[in-house]
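Visitor: Residues per chain, in single letters:
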Amino acid sequence: MPLLKDGKLVDDGWLQLDDDAVLPEAGAVVVSLARWQQDRDHLIARTGPVGVRLTADQTPGLIRADLDELALVALEFPAFTNGRAYSYARLLHRYGFAGEIRAVGNVLRDQYWNMQRCGFNALEIEAGETEADWVATVTHYSAPYQVAHDPALPVMSLRERRMAAAAQG
Amino acid sequence: MTQQVITANRLNDGLVVFLASDGCWADSILDAQVLSDDTELDKRLTMANAAEQAKIIVGPYAIEVTEAEDGDVRPVRFRERIRAYGPSTHADFARQDVPGHLRHLDDVSPVYFNGVG
Amino acid sequence: MYRYDEFDRSFVNERVAEFRGQVARRMSGEMSEEEFRPLRLMNGLYLQLHAYMLRVAIPYGTFSSVQMRKLAHIARTYDRGYGHFTTRQNIQFNWPKLEQVPVLLAELADVEMHAIQTSGNCIRNVTADPYAGAVADEVDDSRIWAEIVRQWSTLHPEFTYLGRKFKIAVSASDFDRAVIRFHDIGLIIKRNEAGEIGFQVWVGGGLGRTPMIAKVFNEFVPQEDLLSYLEAVLRVYNMYGRRDNKYKARIKILVHETGLEELRAQVDAEWQEIRNSSLKVPDYEIERIRSYFAPPPFEKLDAVDRGFEIKKFENPEFARWVNGNVVAHRQPGYKIVNISLKPEGLPPGDVTADQMEELADLAETYSFDEIRATHEQNLVFAHVKQSELFELWQELGEIGLAMPNIGKVTDMIACPGLDYCALANARAIPLAQRISRRYADLDKQFDLGELKLKISGCINACGHHHVGHIGLLGVDRRGEEYYQITLGGSGAEDAAIGSIIGPAFSSADVVDAIESVISLYVELRDDNERFLDTYRRVGTAPFKSRLYPEKLDAAA
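Residue numbers (my numbering), protein chains in the order written: chain R, 1 to 169; chain X, 170 to 286; chain S, 287 to 842.
Below are the DSSO-like pairs computed for lysine-lysine, each with C-alpha atoms no more than 30 Å apart in a straight line:
| no. | chain 1 | residue 1 | chain 2 | residue 2 |
| --- | --- | --- | --- | --- |
| 1 | S | Lys476 | S | Lys586 |
| 2 | S | Lys534 | S | Lys501 |
| 3 | S | Lys532 | X | Lys224 |
| 4 | S | Lys730 | S | Lys597 |
| 5 | S | Lys451 | X | Lys224 |
| 6 | S | Lys383 | X | Lys224 |
| 7 | S | Lys534 | S | Lys453 |
For the record, the hints were derived by calculation from the structure and aren't laboratory data.
Next comes chain R alone, as it looks inside the complex:
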């Protein structure tokens, strides 16, 4: 599945490991929460980064204590209309997680701006779509109305700047 990372289509260096698959000795792997909880020590001890995949009803609070050991958290969208993972991404950032936050599942470009604003930096997308299609959807708006995780200045701050500039003459 093509991976869009920081706005670019890139090769996915991560192996999605099924719960019953043999753990490779090295290389980057993403496992389910259940496998992480079961094989935690083993996964940490091996060579190569580890990621955990959370379903829509698994909150990031469940891995909060483990975040230092993880390089990636994948958040599932079982349907694009199930928006729980937006909040999960915000929480991961608040917990100080600095690794990759990846959107997986029913990930569509009309939600890209929302995902970017909530702090997703990688998305597994459908084959056949171009980078340009995706990037176009995050450039519709000159400024958002509210603060979120992204550095975009909301309208309120832009107004303040303009007022300050006007005051200075």
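Following the hints, complete the assembly by docking chains X and S onto the known chain R.
Guide: Chains X and S alone, transformed into the frame defined by chain R:
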């Protein structure tokens, strides 16, 4: 099997349409092809689904109707009668393109038109 | 009223452009109906029984003559010459073509209007007290705060794909004219002992198939913390609200299943995390928005106008309209005028394009160019000189909008019902029309006094039947329209959910049944007692035995 016709909403304007025997989507239920054979119904539903794929219509489904000897086709369910004939609240917004729609509405009791009890 | 600055203007234009692209992808087949549906709903576009339906927001219910004229133009150009005012300060057009909707939205954007978040599982357009800025009993102008919430909630990246719709309303008075207690979040503006503004926050109200009265989550959230508190509630709801069953997905169910104390604790914990963040509403922004809602340039007038008093004396019809539709204004010499959209026998809330244009002219002449929409599907001119009420009344009469029935039995809320709605089980408007004719006698209506009758065509309760003093719910019985009667509901400050009184009545019998209920009230009432108060005093039993005498016989 009971008598049925296939209906949907047209994609571009959203209006109610019915599958006619020539494969076109007609505005009037009186132009709908009345089906009374399961195999034929399945065949026509497949055709309707293809029309949805082809961006002509949205949400096709079959409804039960009765067909009179004079060719009058009327839905059995109350909801489908309103859908076929237009809102009962404003005579002027009812489907003027369906000949006899007022007669149909008169059968739906009680009916009140805009300003006319 | 609020006016767009360059940022608001470009945002709304950009939204139109985005939607134009989405419509093009739908029409070309690049996007399926399944993918398109949530996107179009978030822009107010439904596919209903007969056609598409577009719901346009009237932000917190205030709009100008220019905007009203644009609505008239849209009704004529893209629809069939009329619009329908809803219960949430919106107007609906019932016949737009998908291919024309982007152009229609661009026309709306020209007059600072839009259809953003008037549907979909997102934070819906925020509503407010329709008397804001005019009535004496308010703590602050609720529209200021509704505008702040509008901006925060518009395309909120985190809260756009919620489990279900999320409605917020703002009021500033002990009198509830905004159905605060039946919103997902209801905000009542309060002033603390230090004179500071804050919000009493009600959470978890709603109608639908599981009606619930909201509960107070916080007695006083200071004004600068409003957005962080809302964000905390929304985040908890987004993470923990049910997604397995759409009928159990509203926050009211989360409150009910988690328990008030526990959920409040979760919200508070989240709030403490984000309270001191950039979500604080800065004073300059509050003041900037407040400046738009400064009072219009009122004249200094005497509280009593002799000419007005004489006209009332001379003209009993005018006096009746004043008595029924006109309420006190906080500025001496001015009045708040309710314009009933419930003329006898016509669909509640419908206005023709011609009427819209006339109303726009009248608002310009008589009410500082400003109109309000109410949740009861009526309009308000908020600032009318009492010396000009007579002229206004005459002019309203010429366009058929001088019905003096505000708050009376014929001032019904009715959802579009089966005449338009894809979800309905029974018609609502024709029933409203029949009741309106049955009680056409104004003397009779005034004798009955305040009586809120509300009709829904299905259990989704868009017609607010649960909170009607008399509620009517349309049900489908083997293809026939039947109506269940509930009694004793209220959507106001004395909030209550009506009780189902017994088995449903056929369409043929239901108007007689309502008349029986009302006749019994007349027999039982004490002096000047409202229907609701009589019902509360005597309970359901007398009404049951009047409506279902045969059951009593069987039991005896």
